[in-house]
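Student: Sequence:
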Amino acid sequence: MSYHGLCLLLLLPLVCSELMGWVHSPDYPLAYPNHHSMNWSECAPAGLSVSLTFIHLDLENSTLCEHDVLMVSYLVFHLNMSLCGSMSFEELQSSVNPHLHSTSGGCLSIHFRSDGSLSLVHTGFNALYQKRGNTKKESMSTWVFNKANWCTNLNMVLQGFFIKENGQHFIVRSIIYGISMTVFVCLCVSVCGHHRLPFGRIYGGKIARLGSFPWQVLLLPSGHKAGAFIIGEKWIMTAAHNLIFDSPLSPENFVALNLSSIHIHPHYKNIDGSNFDNDIALIKLSTPITFHANVSPVCLPPEGVEMEVRSGWVSGFGLTEFHVESDVLLYVQLPIVADGTCRNSFAKKREKESWIPHLTDNMFCAGFKEGGNDSCKGDSGSAFVVKKGDVHWAMGIVSWGLDCGRAGVYGVYTRVSRYLDWINKVMSENE
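According to mature numbering (1 follows the signal peptide of the UniProt record, and there is no 0), the residues represented by the sequence shown are -17 to -1, 1 to 414, in order.
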């Protein structure tokens, strides 16, 4: 099982693996460094040519590509194309990729250079190279583009016939070449859960630099601030209580977000404000989000796997320690609290204040025993993210709490892993 998130799947030849491969910028899919250069070259034997298919391009932009630049040549002294700036995959397919191929028996070369003027985060490039003959036919002429679900091992594809597994979301293109390549396998490139900049130690939090939390969304329901986070090209996730109002709810309330539909968990029943069980909701956008270094999805947790992590991060625009909502994105690192410790802390307070909500198995707690740093009002719906390897996962959703930053009181979060079946069901039924 691969990373959860936005995935690109290509059906590629298996039997002649030396005829294809990947070339990418340093540290991809993270940002490339300043003052760096790299060279790459690949040649084809007689009867074959080399082609490049760029999947991703995000470089610093300049008028003549005088700063960061990617140059493609088909002979040593014959420049084919100079590239800079950012382009979507559709733009690459229409204006760049068709021109990146060598003559028969020829070579393609790449020279990448970055200078020291980079002020924003850019994630570089990723391309597939292939050596192929003149006889090529494509079994699918269009690209199927859906989003944000598990990338699993697909069934073998013979002679270009593709078998779609129910409920999976991917881009796929099946290609057959006239050089006896008949067995195909699936490769997955995950772009969710990545960011370039380091975290530090929003109630008591620090200002988040651009690109630190590329999945963060600011909601403005009924004039107040709330949080949400991107999980797919057309999908964001938030807390259900952010979307419950005295007035009827409709996508027209959120025209700035261009909503298509709103999906509140069917078992969320918080009539009197004391029951936050199943506090989760999905929002589908009417138009897809264009992902780049500063806007990208966070991964959802792997199904059936408990992550053994001790802390996570929350970002948001909520109340600060000065009791005002923040105009900039803040973030804080919080330790995860043992379930027993959390339940006991609220049970003691419930003896004096019976209205305090109950904790369920669908929740977990985070925060410091001594108080201080915490999530707070206005952060509701934001993600509680944890890091495993180089990937960030949405373990929780900011749900509820008592006094922000108060000693002996912890913030409570919706446990996302308990809702993966519901999330997949809603997204698959509303493609």
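Be aware that one or more of the hints could be misleading.
To be verified - Using 20 Å as the maximum straight-line C-alpha spacing, the simulated EDC-like pairs for lysine to aspartate or glutamate come out as follows:
#1 Lys331 / Asp344
#2 Lys332 / Asp404
#3 Lys267 / Glu353
#4 Lys371 / Glu289
#5 Lys331 / Glu353
#6 Lys371 / Asp255
#7 Lys267 / Glu43
#8 Lys267 / Glu414
To be verified - Pair by pair, the computed Cβ-Cβ distance ranges are:
#9 Arg401 / Gln76: 37 to 47 Å
#10 Asn63 / Pro28: 16 to 26 Å
#11 Gly88 / Arg401: 50 to 60 Å
#12 His250 / Asp373: 27 to 37 Å
#13 Ala330 / Ser244: 35 to 45 Å
#14 Ser69 / Val311: 50 to 60 Å
#15 Ser20 / Gln76: 20 to 30 Å
#16 Asp10 / Glu74: 20 to 30 Å
Because the hints were derived from the structure by calculation, they are not lab data.
Ideal placement from N, C-alpha and C gives every residue a C-beta, glycine not left out.
Student: Give a verdict on every hint.
Tutor: Structure-based check of each hint:
1. Between Lys331 and Asp344 the alpha-carbon distance is near 19 Å, which keeps this suggested pair within the 20 Å criterion.
2. Restraint check for Lys332 and Asp404: the C-alpha separation of about 34 Å exceeds 20 Å, so the hint is violated.
3. For the hint linking Lys267 to Glu353, the alpha-carbon distance of about 39 Å lies beyond 20 Å, and the restraint is violated.
4. Between Lys371 and Glu289, the direct Cα distance comes to roughly 12 Å. Compliance with the 20 Å bound is thereby established for this hinted pair.
5. Only pairs whose Cα atoms come within 20 Å are accepted, and Lys331 paired with Glu353 is accepted, the gap being roughly 16 Å.
6. A hinted pair counts as satisfied when its Cα atoms are at most 20 Å apart, and Lys371 with Asp255 does not qualify at roughly 38 Å.
7. A C-alpha spacing of about 31 Å is found between Lys267 and Glu43, which places the hinted pair above 20 Å, so the restraint is violated.
8. A threshold of 20 Å between alpha carbons decides the hint, and for Lys267 with Glu414 the separation of about 9 Å falls inside it, so the pair holds.
9. Between Arg401 and Gln76 the beta carbon distance is about 39 Å. The supplied range of 37 to 47 Å therefore holds.
10. About 20 Å separates the C-beta atoms of Asn63 and Pro28, a value consistent with the hinted range of 16 to 26 Å.
11. Look at Gly88 against Arg401: about 58 Å separates their beta carbons, and that is inside 50 to 60 Å.
12. For His250 paired with Asp373, a C-beta distance near 35 Å keeps the hint of 27 to 37 Å intact.
13. Checked against the given bound of 35 to 45 Å, the beta carbons of Ala330 and Ser244, roughly 39 Å apart, stay inside it.
14. Range check, Ser69 to Val311: Cβ separation about 24 Å, and the 50 to 60 Å hint is violated.
15. The given range of 20 to 30 Å is respected by Ser20 and Gln76, whose C-beta atoms sit roughly 27 Å from each other.
16. The beta-carbon spacing between Asp10 and Glu74, approximately 23 Å, falls within the hinted interval of 20 to 30 Å.
Hint check: violations occur at hints 2, 3, 6, 7 and 14; the rest are consistent with the structure.
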